[in-house]
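Peer 1: Sequences listed follow chains A and B, in order. Count along the first sequence from 1, then add 859; that gives the number in this note's numbering. Count along the second sequence from 1, then add 1; that gives the number in this note's numbering.
Hints are computed from structural coordinates only; laboratory data are not their basis. There's no promise every hint is true.
To give a feel for the contact side, a few chain A residues facing chain B, derived at Cβ under 10 Å [stated by the list, open to error]:
id: 1; residue: Gly979
id: 2; residue: Gln1001
id: 3; residue: Gly1008
id: 4; residue: Ser1065
id: 5; residue: Ala1134
id: 6; residue: Glu1136
id: 7; residue: Asp1138
id: 8; residue: Pro1202
Below, computed lysine-lysine pairings styled on DSBU-like, alpha-carbon distance capped at 30 Å [stated by the list, open to error]:
id: 9; chain 1: B; residue 1: Lys197; chain 2: B; residue 2: Lys181
id: 10; chain 1: B; residue 1: Lys181; chain 2: B; residue 2: Lys203
id: 11; chain 1: B; residue 1: Lys101; chain 2: A; residue 2: Lys1043
id: 12; chain 1: B; residue 1: Lys322; chain 2: B; residue 2: Lys197
id: 13; chain 1: B; residue 1: Lys52; chain 2: B; residue 2: Lys203
id: 14; chain 1: A; residue 1: Lys1043; chain 2: B; residue 2: Lys322
id: 15; chain 1: B; residue 1: Lys197; chain 2: B; residue 2: Lys40
id: 16; chain 1: B; residue 1: Lys40; chain 2: B; residue 2: Lys52
id: 17; chain 1: B; residue 1: Lys40; chain 2: A; residue 2: Lys1043
Ideal Cβ positions, reconstructed from N, Cα and C, are used throughout, including at glycine.
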Amino acid sequence: MLAQFVPDGTAPSPIQYLAADGALAEGVTPSMSDDEVRAGLRLMMLTRAFDTKAMSLQRQGRFGTFSQVTGQEASIVGSASALDPRIDWVVPQYRELPALLRQGLPLSSFMLYFMGNLAGSRIPDNVNILPIQISLAAQIPQAVGLAWGLQLQQTGGVVIVYFGDGASSEGDFHEACNLAGVLKAPVVFMLSNNGWAISTPRHKQSAATSLAARAPGYGFPGVVVDGNDLLAVHAVTSEAVARARAGEGPTLIESVTYRMGPHNTADDPTRYVVASELDAWKPLDPIARVQRHLTARGLWSDDQCQVVEAELSAEIEEALVVARAAPPPSASQLFDHVYADAPATMLRQRAARLGVTA
Amino acid sequence: MAELTYREAIAYGIAQELRRDPTVFIFGEDIAGAGGVFKSTVGLLEEFGPKRVIDTPISEQAILGAAMGAAMTGLRPIAEIMFSDFLAVCWDMVVNEIAKIRYMTNGQVSVPLVIRTGNGGGSRFGAQHSQSVENWAMAVPGLKVVAPSTPADVVGLLAASVRDDNPVLFFEHKSLFATKGEVPSGELVDTLGTAKVVRHGKDCTIVALALMVPRAIAAAEVLAGRGIEATVIDLRCLVPLDTQTILSSVSETGHLFTVEENPRLCGWGAEVVSIVAEECFWALDGPSIRITTPHVPLPSADVLEDAVIPSVERIVNVVAKSLDA
């Protein structure tokens, strides 16, 4: 065969710092301080607790359709923790709650968003995140433009954009990577390979053995990391962020993790996920792994765990109180903000069709 | 005052904005070194350099996605989609992203960007490079839609589009590129959503857009020779739509004709006719008539293309027959 680029069927081993039992790999130096690890653990636990609470609210009809993070906490927290929230930006898809919280979004805002209240769509000033993206992969070219804008304005900021293995099959992904490579845009492409795109398994998503292997095709590096390993994800992302900040351009990170829950609250994964596969991932739980690691080093205990869980539960309840106190949407909001300055024809529709004149 | 072609007016108008506002920049396929495939951005790279006049890969989704992301950082990008037909490639970014972000963020996020695109037929480019797609854009809440017919309007409306805080789709008509017109000197800024009465006549109102405007004017001259005095309105913008100018003219003349290059179904004229029917029905002295391209793809054969797009002759015949002259 005359081909020079041939898939050899192998995928690189994901970079790992923490083994499943929490032991630190020999010869590696974590890029996170102990305090950062504890803060990361707390955020991971908050997200997990919120998943349970929100699922229960959704089943009661008090919360909209949403996607849980369960199983992917290290992938998201480890990567987001590598950012400087003052100057760096997070461009989310819809499963990155802890990244948004770390950038400074109040939990109550996130709740309002999924309660269908427009107030939840408003991001507080100085919180560097773009709105949650429901339309798959469309955020990726926008992230490149955002990074380009930061580059043109010389802010020193870096953008991390999240998407999944499924979204990486969209044309937007290709065009965005290609343009980012040409522009050397300061962007980190965070591909959360969680094994599933709704019910479509990873092997049906792409014939490529590694999704990160696409990166050299765009002229920048790619890396595969154990997405259930907080320390490894942080280390890999920190390098990518440093590269971007130094003007060396994008990096594609494929974070290999597993979606332990449904695609979203409208999905029933028992129809297609084989129980044995789920069981195989359970011992690899990202939260338990960090807890084992810290426990072995005398930095964590069951007692502490209980204290933190109680604090987090209270935090979630407080956020819920704030969210519930927000005024309900009004009919005038149907017309507000379609345009910066509403055309007269639209104002007439507002007055005539809904009797809203305010 | 200088005489410019429509094509030169585009570069002139963009340059006016690049000079005025350092947050404005322009990018697209072949717009920098080549000066645009229609030569409508000639000289910009030389004057403003490669950081503000930027060639991109052939990636319409990325061009508009990046324009949106850059606009969110406070920049005012002018993105070019070479042929308006290619908007279909990146329509998701226009419709689901750019047009909706303000609404979906409760007014927090603005994307003040302009999408310039070569629109329309008459240039023998065939079914996939000749369409008039302004009615697609008109159907999307959140977008402003502009389609100038003269060099002066290109400059003034482009300036207004760049300075507008809404996303604007700016349709440049390919078959008008070589036409000439006077452009006043000094800064030229027009107002979006204002139609122009370009000819006064008491007998009927002909509403037209872009390439159809000079044809409507030419038809009106012929009609005058047959005793029919037509008012011709150049709409210039579909969103916002200047209904006032249309309604007051129709109230005087009692007869409405639209001349549309878009294929007939759901063309912009249908909306104009509907507004007139609803708001000044009793002023009408006859049926409102739409003169359009039929609901067919555009052919590349010159005789066929000329046959389907409304011509001066067709406008004259339809109007004269309707007014029984």
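Peer 1: State for each hint whether it applies.
Peer 2: The hints, checked one at a time:
A cut of 10 Å between beta carbons decides the hint on Gly979/A: the least distance to chain B is about 9 Å, and the hint holds. Among the interface hints, the one on Gln1001/A holds; its C-beta lies about 4 Å from the nearest C-beta in chain B, closer than the 10 Å criterion. Restraint check, Gly1008/A versus chain B: the minimum CB separation of about 3 Å is within 10 Å; hint holds. Given hint, Ser1065/A at the interface with chain B, is violated; its Cβ is 19 Å from that chain's nearest Cβ, farther than 10 Å.
Contact between Ala1134/A and chain B, as hinted, is not supported at the beta carbon level, the nearest pair being about 37 Å apart and thus beyond 10 Å. Because the closest C-beta pair between Glu1136/A and chain B is about 33 Å apart, greater than 10 Å, the hint is violated. Below 10 Å, beta-carbon pairs count as interface contacts, and Asp1138/A has none with chain B, the closest being about 39 Å; its hint is therefore violated. At about 3 Å, the closest approach between the beta carbon of Pro1202/A and any beta carbon in chain B falls short of 10 Å, and the interface hint on this residue holds.
This hinted pair checks out: Lys197/B and Lys181/B have alpha carbons roughly 18 Å apart, not beyond 30 Å. A distance of roughly 28 Å separates the Cα atoms of Lys181/B and Lys203/B; the hinted pair therefore holds under the 30 Å criterion. The hinted pair formed by Lys101/B and Lys1043/A meets the criterion: a straight-line CA distance of about 28 Å does not exceed 30 Å. Of the supplied pair hints, the one linking Lys322/B and Lys197/B holds, its CA atoms being roughly 26 Å apart against a limit of 30 Å.
With a CA separation close to 53 Å, the supplied pair Lys52/B and Lys203/B exceeds the 30 Å bound. Taking the CA atoms of Lys1043/A and Lys322/B, the gap is near 62 Å; set against the 30 Å cutoff, the hint is violated. In summary, the hint linking Lys197/B to Lys40/B is supported, as the alpha carbons are separated by about 28 Å, within the 30 Å threshold. Distance restraint check for Lys40/B and Lys52/B: the Cα-Cα separation of roughly 20 Å lies within the 30 Å cut-off, and the hinted pair is therefore satisfied.
A threshold of 30 Å between alpha carbons decides the hint, and for Lys40/B with Lys1043/A the separation of about 28 Å falls inside it, so the pair holds.
In the structure shown, a violation is registered for the earlier hints numbered 4, 5, 6, 7, 13, 14, in ascending order.
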